[in-house]
Amino acid sequence: MKKNGLIEEHAILAESQGVRIRRMVLYAPEIATKAKAGQFIVLMVSEYGERIPLTIVSRDATKGTVTLIFQEAGLTTTFLGRLVAGDFLYALAGPLGTPTEMACYGEVIIIGGGVGIAEAYPVAKAYKDIGNRVTAIVGARTKDFLILLDELKAVADEIHVTTDNGSFGRKGFVTDVLKELITKHKYNVVYAVGPLPMMKAVSNATKAANIKTLVSLNALMVDATGMCGSCRVSVDGKTKFSCIDGPEFPGHLVDWDELDKRNKIYASQEAHVCKLKLAQGSLT
Amino acid sequence: MKREPVKVKESEAKERINSFAEVVEGYTEQEALIEAQRCLQCKNPACISGCPVGIDIKKFIFQITQKDYADAYFTIRQKNNFPSICGRICPAEYQCRKACVLTKKDSPFASEQAILIHYLERFVGDYGIRHNLKISIESAGRLNRHKVAVVGSGPAGLCCAGELARRGVKVEVFEGLHKTGGVLRYGIPPFRLPRDILDVEIDYLKNLGVGIVSNFIVGNMKSLHELQKEGYSSIFLGLGAGTPSFLGVTGENLCNIYSANEFLTRVNLMSAYQFPESHTPVNIGKRIIVVGGGNTAMDAARCALRLQKMNGTPCDTTVVYRRTEIEMPARRLEIEHAKEEGVRFKFLVQPEGFQGDERGFVTKMQCLQCALGEPDSSGRRRPVPLKGSDFELDCDVAIIAIGLKANQVLTRVTPQLVVDSHGDITVNPLTMETSIKGIFAGGDIVGGEGTVIEAMGMAKKASEAIIQSLVA
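As they're listed, the protein sequences go chains A and R.
Heads up: the first sequence begins at 1245 in my numbering, then just goes up one per residue.
Heads up: the second sequence begins at 538 in my numbering, then just goes up one per residue.
Where hints are given, some of them may not hold.
To be verified - Listed below are several chain R residues computed to face chain A (Cβ distance under 7 Å; list not exhaustive):
1. 608
2. 782
3. 787
4. 792
5. 813
6. 817
7. 897
8. 1002
9. 1006
Hints in this document: simulated from the structure, not taken from any laboratory.
Cβ coordinates follow ideal geometry from the N, Cα and C atoms, glycine included.
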C-alpha cells in the first residue's frame, strides 16, 4: 500500500572517490501539496535513528511525491542511502521551516556549493517564476559532483560553474566568480546555500558591497518544530531557532563562528558511532 | 485511633541511579487497604475540590476499603481517563492532598499526615490495567455521526480524545512527533512514568476507537480550515507549551548548554541513554549544572546524574535556583528523590553568564548571590541579586530549565486564531472555545505551563462544550 514515507525511487546521483550523493523520491502527498521553496522535512530511518532535516528539492503534487538529495556524510545519511525503492522511512514529517520570502527583487544571484546545489535549485526556480533575473553560481570539488546542472540551466538566465580542481568550469571557488560579478554589475539579492565556510565567505564578500544576502543554515536539529533549541543561532545578537525562525537568515548578521562550533558538538560521537555501526554492518 | 501514613516502597537510591527503571514501587493490596482505612470519609470532603478533574476521591477510597477495586477503578474513570499516569505524576501535595482535612491549615503543601491519595489512585489504576478493565462506550446515536480532530497527543489531547470517544464520537488525534504522549513521552523520564504504562493508557484510547496519526503537523500539512472542510465537526487544540525559555545571558549558546526540553527529548524520546544502540547522542559532563526549580529541572537533574553514573563518571550534578527550597515549584517528592540520589542544590544563585573554551564548549557559569526580598505576584518572595557578590561555578554541561512558552508552529500559520501577548491561545473560559467557531483549546497552550491534571481539567471542559455543540 502507498503510504506516507514510501521510497518510490532511489538512485545515486554522483559518486567519486568514496563520496556519494543520492536522490530519493518519497511518497508524501500532504507535504507535496504544501511544500514551498526553502522548506525542509525531518525524517527517521529506523526506530532507533536520529531525526534529521533535509531540504525539499522538488515536489510533484499530482503524484504526491517529494524529492530529496543528500550526500552520505554521517551515520543517518549513510543508512538512508542503504534503503531501496519500496522501503518505508520510519518517520517523515514536514514541510518545516519558514519558506523563502518570495519577491521580485530584480537581479538575483543564487549560489550553491556541493550538495547545496540541490537546495539552491528550488529557490532559483521560485525566484525565476516570480520574475527575477537569476544568475546561478555553482561550485563543487570536481566535475563529478556538479549535480542538477541541466535543471539549473533551464531556470537560470546565466550560470557560472567552478570546481576546486578545475576539472570543469573555472578552477577556484564560487566566491571568485561572485566578487567579479558584483564589481561589474548591480545585483539586488544574493542567496547562498552550501558548506558553512562557503556561506560565510559569500556573506563577507557581499557585505562591503551592501547587497542583501540570504543564507540557508544547516544547524543541528532534534524535533525540528521549535521545541528543543538545539538549532539556535545568533542573528544580529539575538538567539533564533533555525527550525522555525529559519532556516534562512540574513547572512551579514549570522554569528558564523558560533554556528560552526555548535555544529561540531557531537563530532566525536558521530565518528565513533559511524565506525562502530559500519563495522557491524547493521542498520540498527 | 490515629495511624501513620503507609510509606510507599521505593528502590534504593544507590541502586536506582544505575538505570531508568521506575523508582516508586507502588502499594501492595495490603498497603492500599491500610492507607485507605486512614481516610476519615469526611461528610464534606475537601479533597475533591482540590482535584482539577473532580474525581470522587472519598468514594473510590471507600471502595478500596471494601476491596471493590474494580468499582473504585470505574469511579476514577468517571472523571479521569488516566489513573495510572496521574497516580504517578500528579503533584498531589499541591492539589487533593493539600485540600485533605489532615493537612495543617495554611501549609504551602500537604502535610505528611494527609492521605496518600495519589498512591491509592495508582494502585487502583494499575489494578485496572492488570485486570483489563474497560469502560463501555455510550452509543448515543446522535453523537457517533460526528468526527472530531484533536491536535496534539499530550495530556490535554489524550484526555479530550478519551472523553469524546467514550461518548461515541469518532476521534482522530494528530501528533507532530513520531511517538504519541507529548510531554509524557519526551519530557517525563521513564523512572517517573514507565513507558509500558504510558503505552497501555494510550492503547486504551485506541480500544475506544480513537485513531492516531503520528508525524502529522497540523498547520503545515493541513490547515485547520482544511480539516473542517474534511468534515471534522470540531477541533481541539492541545498544542502544549513546547518552546523553551532561555536566560538571555551572555554565552548561552556555547556548546553543551541545553534547554531542559532538548536534553530530556534527547534522553527520553530519542533514547540517547542507549547511545550508540540509539543513534541520537547527548553529552554528559563531569560537572553538570541545572538551572531552575521546577519539576522539569528535577527531571533533567535526575536524568543527568543517572547518565553520569551509567557512563562511569563520578556523579556531580548541581541544581542552581534563584530562591530557596521552600519556594521551589517542583513536587516535594521529586526534590526528595533528587537529594537521595545525590543531586546537589545551590540556592539563592542567579546565573549571569557563561564562559567557554576555544572550541566553544562551556566551562564556567558566572553567578550572583541573591537574598529574598518582598513577595512578587506569585506570592513567593522575590530573589534580589546582591551587588558585588559575583562568583563562578565550573561546569562542562549546563541545562536551562526555567520554563516553557507556547508552541507556535500552528498559531503562526493561523492568524485568525487569537493569541495573547505570551502566544497562548485566547479562549472563552466557560467553553474553551477559541476565536474560531468550532475550534477549542486546552492545556498549556491556554494556561501557560501547568500540570498534567490541570491540562486534563481544561480538556474535559472543552470536551463537554464540544459535546454540547454536537448535540445542538
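Quick rundown of the hints versus the structure:
With a cut of 7 Å, the hint placing residue 608(R) at the interface with chain A is violated, because the nearest CB-to-CB distance is about 39 Å. Using the Cβ-Cβ criterion of 7 Å, the hint placing residue 782(R) at the interface with chain A is not satisfied: the shortest such distance is roughly 9 Å. At about 10 Å, the closest approach between the beta carbon of residue 787(R) and any beta carbon in chain A exceeds 7 Å, and the interface hint on this residue is violated. The beta carbon of residue 792(R) comes within 5 Å of a beta carbon in chain A, closer than 7 Å, and the hint placing it at the interface holds.
For the restraint placing residue 813(R) at the interface with chain A, the shortest Cβ-Cβ distance is roughly 4 Å, inside the 7 Å limit, so the hint holds. Evaluation of the residue 817(R) hint against chain A yields a held restraint, the C-beta minimum of about 5 Å falling below 7 Å. The criterion of a C-beta within 7 Å of any C-beta in chain A is met by residue 897(R), whose closest approach is roughly 3 Å, and the hint holds. The criterion of a C-beta within 7 Å of any C-beta in chain A is not met by residue 1002(R), whose closest approach is roughly 28 Å, and the hint is violated.
Taking 7 Å as the C-beta cut-off, the interface hint given for residue 1006(R) is violated, the closest approach to chain A being about 27 Å.
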